[in-house]
Amino acid sequence: MIHQAIIIPFPVTARVRKIRDTALKLLERPTVKSADYYRGQVLEPMKASFLRIGLSEEEAAEQTRVFWMAVQVEAARIQGADAIA
4 MIHQAIIIPF PVTARVRKIR DTALKLLERP TVKSADYYRG QVLEPMKASF
54 LRIGLSEEEA AEQTRVFWMA VQVEAARIQG ADAIA
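Okay, so the sequence shown: first residue is 4 according to our numbering, each after it adds one.
Hints are computed from structural coordinates only; laboratory data are not their basis.
Glycine included, each C-beta is placed from N, C-alpha and C at the ideal position.
Heads up, a few of these hints could be off.
To be verified - Listed below are the simulated EDC-like cross-link pairs for lysine to aspartate or glutamate, each with C-alpha atoms no more than 16 Å apart in a straight line: (1) 28 - 39; (2) 36 - 24; (3) 21 - 62; (4) 50 - 62; (5) 28 - 77; (6) 21 - 47; (7) 50 - 60; (8) 50 - 31.
As the list claims (entries may be wrong) - What follows is a list of derived Cβ distance ranges for each label pair: (9) 21 - 54: 15 to 23 Å; (10) 12 - 84: 24 to 32 Å; (11) 8 - 80: 33 to 41 Å; (12) 35 - 5: 48 to 56 Å; (13) 42 - 10: 34 to 42 Å.
Hey, can you work out the whole structure from these sequences and the hints?
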C-alpha cells in the first residue's frame, strides 16, 4: 500500500513581517501601474515556490490570493494609522 504525502504549507497569514514589508513597499509606489508591477514581482515567485513544493495550481493560487488579501488589509491599516497621526 502506497501512502501519498499531504503537503501543508506554512500559513501565509502568519508571515507577518513579509505582509507588513510588502504593504509598506506597495504604499510607496507612485502609480497604480507601478503597484501592479510590484504585485507581480511578489506573487509570481511566491506561487512558483508553492508549485515547487508540490501544491496544486489551485492551492498555490489560493495561497497567493490569501497573502495578497492580508497585504491589502495591512496597507489599509497603515494608511488609517497615518491619517490619525
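Looking back at the numbered hints, which does the structure fail to meet, lowest number first? 2, 3, 8, 13
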